[in-house]
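Q: Those protein sequence lines, which keep their order, are chains A and B. So the first sequence is numbered by full-length UniProt numbering: it starts at 1 and just counts up by one. So the second sequence is numbered by full-length UniProt numbering: it starts at 1 and just counts up by one.
Think of the hints as simulated: they come from the structure by calculation, not from any bench. Built from N, CA and C at the ideal position, the CB exists for glycine as well. Hints may contain errors.
Some chain A residues flagged as far from chain B (calculated, every beta-carbon gap over 10 Å) [as the list claims (entries may be wrong)]:
1) CYS22
2) LEU29
3) GLY69
Derived list of chain A stretches under chain B, where covered just means 3 residues or more per stretch with a C-beta under 8 Å from a C-beta of chain B [unchecked claim]:
4) 31-39
5) 56-67
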Amino acid sequence: MTEIWAEERGMPGMYSMHPAPCIPQETVLRNVRLARAYVPFQKLCSLYPPIEALKRGTAFPELYSPYRGVDKNYRPPRD
Amino acid sequence: MHNRNELLKQLTALDFMAVDLQLYLDTHPNDREALCKYNAIVTQAAMLRSMYERLYGPLYSFRSCSQYPWQWINNPWPWNYSFNFSLAGEER
């Protein structure tokens, strides 16, 4: 079985602080319009190995972005 | 060499890769490298699927060949809990 995927590089999910090399940093928008959304066009970079992709819900490290919000059901213990 | 759960897990993971690369290819139809990886994954998945079905029976009620007698009526079916492998404790 040939290894066609590379291990994760960079820090997906942290790209706002450390721009991952796999995410195009398209900072210049020409003729920008109001009320339009602009999304960087994905470029193929590395892929997770299949089992890792299944666990993380994506094959693309740069799209791995787990929700780490507060647990709404959490109640601090009272003493 | 393979046990059933391990084989099913590998196959599920490859099928998941194929679906995710399919979504990418829908918007990047001219990405030769991605297409190449997609084709390699689909080929590997097909190999594992036929190996699995030969050893453990049909994964589909149609599309799969069956030994005699008709194997599909055997429990467990793919949607039964006991049929499936567990990633418990392995989620990220």
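Q: Against this structure, judge whether each hint is valid.
A: Status of the hints after comparison with the structure:
no. : hint  : in the structure
1   : CYS22 : holds, 13 Å
2   : LEU29 : holds, 19 Å
3   : GLY69 : holds, 16 Å
4   : 31-39 : violated (count 0)
5   : 56-67 : holds (count 5)
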